[in-house]
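Enquirer: Following the hints, put chain B with the ligands in place on chain A, whose structure we already have.
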Amino acid sequence: MPAPLIEINEVYKSYRREHLEIPVLEKISLTVAAGEFLALMGPSGSGKTTLLNLIAGIDRPDRGTIRIGGIEIGSLGESDLARWRSRHIGFIFQLYNLIPVLTAVENVELPLLLTPLSKKQRREHAELALNVVGLSDRMRHYPRQLSGGQEQRVGIARAIVTDPTLLVADEPTGDLDKTSARDVMDLLSRLNKDFSKTIVMVTHDPRAAEQARTVRHLDKGTLI
Amino acid sequence: MPLINLVFKNIFRHKLRTVLTVIGIAIAILAFGTIRTVIAMWYSGVEASSPNRLITRNAISLIFPLPIAYRNAITAVPGVSEVSYAQWFGGIYIDEKHSQFPQIAVDAATWFNVTPENRISEAEKAVFLRERNAAVVGVQIARRFGWKIGDSVRMRSMIFPGDWDFVVRGIYTGAQKSTDETLFFFQWQYLDEQLRKLEPWRAGNVGWYVVKIADPDRAASISGAIDHRFKNSLAETRTETEQAFVQGFISMSDTILIALRIISIVIIGVILAVLSNTMAMTARERLSEYAVFKTLGFEARHLVLLIAGESVLIALIGGAVGILMIGPTVDGFGAVMTSTVGAMFPIVGVSAVTRTVSLLMALGVGLAAAIFPAWRAATLRIVQGLRRVG
Ligand SMILES: Nc1ncnc2c1ncn2[C@@H]1O[C@H](COP(=O)(O)OP(=O)(O)OP(=O)(O)O)[C@@H](O)[C@H]1O
Ligand SMILES: [Mg+2]
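Going down the list, the sequences are from chains A and B. Residue numbering for the first sequence follows this note's numbering, beginning at 1 and increasing consecutively. Residue numbering for the second sequence follows this note's numbering, beginning at 225 and increasing consecutively.
Looking at chain B on its own, in the form it has when it is part of the complex:
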């Protein structure tokens, strides 16, 4: 029965108090890890974006479309090497309500030329081009839903009417680690054809143009030229590099990011307070016991071990529970983000660094919360401690 066993027995002395403290720490570490992951997710969007791609969108807002007729005019701007376009679909996969993924209607002929980071075989590309309702999906969602080439997928949309049937004809993989492998591409032409039948006044529009340029150094002048071309037209455009476009989201939410950072610091403070309180209560109740230990010949270091061990154990249990919950929470958050903001924020998953940092936070809080009670026990005079009962 070494002293460590006593640490384990001690944490069950006030079961409710321990359980509540563990829950508190778990929630806090969950929040801490989730915030870190979300921030990482945000920035990975920037990393994944290409410097030689421009995004042209409606100058008013991303939610307003641009006419398909702009395509030729953009192609004609000097310095532009290829133009593709896309439309946000806002689909809901009927079979799986809880984990959604972004769907984008794209120009089948050009899309994979302007996004080489989405790797797909030439054969699959050819089928995608040929079949109206073909879809190319990221390897991660294919794996998640067990989709194989030839599988049918039925979806509804939050934006467009009716049921939409697709057939998986291609599975792409990311060229880089930061490439989003959870996207679902299908032919913009399919979307447009259906709209002509169902809601013709909405047809002939795209969400944004993706403009490939040969020389990234000329991005600013080409962007200016494109926007100048549509000045005073019905739908004015705003063109910027993909990087700036994604960063635009970030700087728009700079305050949010700062707030998140502050919150994650506050969270650590809060669990430190919670655990410190628990440990202080514990130590106060056990002062006479510590005096008995000292009478028996135990020394300050033994008591410090006993108290710090208990504090760290509680913190690590709470931390471990919290860390296990980060993954599912981030997935949920990612699903919400992708279905509201779009495909710009790939789900990066919980990094090993985040797990480690969260665990170290828990460890640090455990140690810090033990300082005061350990000091009290270490400096306790035996006669004083014994008097508290006798």
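In isolation and in its complexed conformation, chain A is listed as follows:
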């Protein structure tokens, strides 16, 4: 059995609202093997997004450790953490979050600006990624000229273009119609199967969760 890619050990997270401390995650421990496709489900407000953000290194736990690929990300400084994210994390947003003034291919190219790749190489990588998501014919389109499903596929291309260790997706089909949602899920499971991408996905949609290999449920801040 290979070493787990993600090791979460007794993580706590709470938010402060006025003087009240609201516990969001309590004593979460979780391991995810490399090549896994994990779906996190649970009622609204159960802490799914919070947990995903901790795994993606865009938020920090109050207590406990998160090791990803052997690195304890809580010990990284802001700058190192940013560099770590750009190398290891592909983030897929529910609302795609594309930059509206950039074309599809420019949006996909964006994360590569932080790499030493040449202009030509960046363009090639971006076109390849758009190829993988089936949008070779939409490279020069702006986000507003694309359907929701297409926008999300551009978002996925942007997430995979740096060939990250881990893909995280927060309700990637949450804003899509049934057909587009199925396309996106097919794409994610293909990335998992054919490209052996490790994926952690938050979803409300049981049909989406079906595509995952493992489903874990969160309730009131604890894994069940």
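Calculated directly from the structure, the hints in this document are not laboratory data. A few of these clues could be false.
Unchecked claim - Cβ pair distances, simulated, as ranges: (1) B:H238 / A:T222: 39 to 47 Å; (2) B:H238 / A:R63: 38 to 46 Å; (3) A:S79 / B:I247: 36 to 44 Å; (4) B:A602 / A:R140: 28 to 36 Å; (5) A:E210 / B:N501: 44 to 52 Å; (6) B:H238 / A:R60: 33 to 41 Å; (7) B:Q608 / A:T214: 24 to 32 Å; (8) A:T214 / B:N501: 48 to 56 Å.
To be verified - Pairs of lysine to any residue residues, derived as SDA-like cross-links and limited to a Cα-Cα distance of at most 20 Å, are as follows: (9) B:K239 / A:R144; (10) B:K233 / A:H141; (11) B:K239 / A:P143; (12) B:K233 / A:L102; (13) A:K193 / A:E210; (14) B:K233 / A:T103; (15) B:K233 / A:R123; (16) A:K120 / B:L227; (17) B:K436 / B:Q467; (18) A:K120 / B:N229; (19) A:K119 / B:N229; (20) B:K233 / A:Y142; (21) A:K119 / B:L227; (22) B:K233 / A:M139; (23) B:K233 / A:R140; (24) B:K233 / A:Q145; (25) B:K239 / A:Y142; (26) A:K193 / A:V132; (27) B:K239 / A:P100; (28) A:K120 / B:P226; (29) B:K233 / A:P100; (30) B:K239 / A:T103; (31) A:K120 / B:I228.
All C-beta atoms in this analysis are idealised placements derived from N, C-alpha and C, irrespective of residue type, glycine included.
Expert: Chain B with the ligands alone, transformed into the frame defined by chain A:
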């Protein structure tokens, strides 16, 4: 597609907002540069004036004339080496309504002796003396209107009746950089002859005397002697050095100059407010976008570059447009000034310093307006930024 490209794309996201901001900055920089130039114009009059020349004028006001008969009496005052005189013509060059220049009727025999800063050849001086309707013009206006020796120029006057015909017989150049090369001189004798025919009661008058003295240190006592000579006469005089005369204009307008200085500071404040507002709106709208950039691994410095780049770009475009408009605006202002106040304020043009200072102002405003939004973006926590859409 480096980040700088994104700066260019970003400024077109709200075209109207950007255009309005650019216009606002352009107008402000135009006003700033114009004020600076006008102030410089004012002071260059002082610099250009000679310490060994006195100006004798009517004690009541410059617009009241003095009798030509005073000439001999002034010449007789000890310490005076030469006396010339001049009369403001207030002409309108018929062919060219929009860019006027000052015209002055001068005593042909003495004028260029007392104003050696206006350089003219002896041959041209001789013709000027000989021909009644001869004119000597500054090289700048000769160039502006394409005048050559022998060209006729017809003018009307705001002060005197009828059409006036002149022939360009000389072109002078300035001895110093600050010398006004936009003046149009013609014979006072021509003016007087015509007036004798048309409005004889106005003939025999001059606007002011230019009195050359040998020793500048004695300026005060000689001035006193001249004014004393005409005490209790019909037209009392007021004599002072040319410098004091020009400075008199300035101190008369000291409050105006101070006001102008304050206005130019206020202007910078106003554009800072305008651009800051635009940039703050922009940053507020894009907080979730900044969070996305950070998620992708971009850092505070990238966002600062993005925001400051946009702010500076808008400021510099506005600044450049404004600076390009300073020249024409100053020319217009100069034309108004010369046709109302007279020849005391040479048009100096927009200096390189003014252009540079204006551009630096725009740059500074661009940077300053970016501080708050850049700080906001830099300190934004990703989860907070993402929540604004999700
Ligand atoms: N930045 C924050 N400040 C204060 N409270 C927060 C913040 N982020 C999350 N919370 C609270 O933490 C709890 C969990 O939020 P989270 O977004 O993780 O839930 P979720 O499971 O993703 O819900 P949903 O399915 O609605 O997206 C909620 O009660 C939420 O109000
Ligand atoms: Mg959520």
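Enquirer: Next step is simple, just say for each hint if it's right about the structure.
Expert: Hints versus structure:
1. B:H238 / A:T222: 39 to 47 Å: Since B:H238 and A:T222 have Cβ atoms about 46 Å apart, the given range 39 to 47 Å holds.
2. B:H238 / A:R63: 38 to 46 Å: holds, 44 Å
3. A:S79 / B:I247: 36 to 44 Å: Taking Cβ atoms as reference, A:S79 and B:I247 lie about 40 Å apart, which means the hint holds.
4. B:A602 / A:R140: 28 to 36 Å: holds, 32 Å
5. A:E210 / B:N501: 44 to 52 Å: Since the Cβ atoms of A:E210 and B:N501 sit about 51 Å apart, the hinted range of 44 to 52 Å holds.
6. B:H238 / A:R60: 33 to 41 Å: holds, 35 Å
7. B:Q608 / A:T214: 24 to 32 Å: holds, 30 Å
8. A:T214 / B:N501: 48 to 56 Å: holds, 51 Å
9. B:K239 / A:R144: holds, 17 Å
10. B:K233 / A:H141: Holds, at about 15 Å.
11. B:K239 / A:P143: Between B:K239 and A:P143 the Cα gap is close to 19 Å, so the pair holds against 20 Å.
12. B:K233 / A:L102: holds, 8 Å
13. A:K193 / A:E210: Roughly 14 Å between the alpha carbons, so the hint for A:K193 and A:E210 holds.
14. B:K233 / A:T103: Within the cut-off at roughly 11 Å; holds.
15. B:K233 / A:R123: The hint holds at about 19 Å.
16. A:K120 / B:L227: Given pair A:K120, B:L227 holds - Cα atoms ~16 Å apart, limit 20 Å.
17. B:K436 / B:Q467: Holds. B:K436 to B:Q467 sits at ~13 Å (cutoff 20 Å).
18. A:K120 / B:N229: holds, 16 Å
19. A:K119 / B:N229: holds, 13 Å
20. B:K233 / A:Y142: Given that 20 Å is the threshold and the Cα spacing comes to 12 Å, the pair holds.
21. A:K119 / B:L227: Since the Cα atoms of A:K119 and B:L227 sit roughly 12 Å apart, the hinted pair holds (cutoff 20 Å).
22. B:K233 / A:M139: Between B:K233 and A:M139 the Cα gap is close to 17 Å, so the pair holds against 20 Å.
23. B:K233 / A:R140: holds, 15 Å
24. B:K233 / A:Q145: holds, 17 Å
25. B:K239 / A:Y142: Given pair B:K239, A:Y142 holds - Cα atoms ~17 Å apart, limit 20 Å.
26. A:K193 / A:V132: Holds, at about 13 Å.
27. B:K239 / A:P100: holds, 14 Å
28. A:K120 / B:P226: holds, 12 Å
29. B:K233 / A:P100: holds, 10 Å
30. B:K239 / A:T103: holds, 18 Å
31. A:K120 / B:I228: Judged against 20 Å, a Cα distance of about 17 Å means the pair holds.
Checked against the numbered hints given earlier, this structure breaks none of them.
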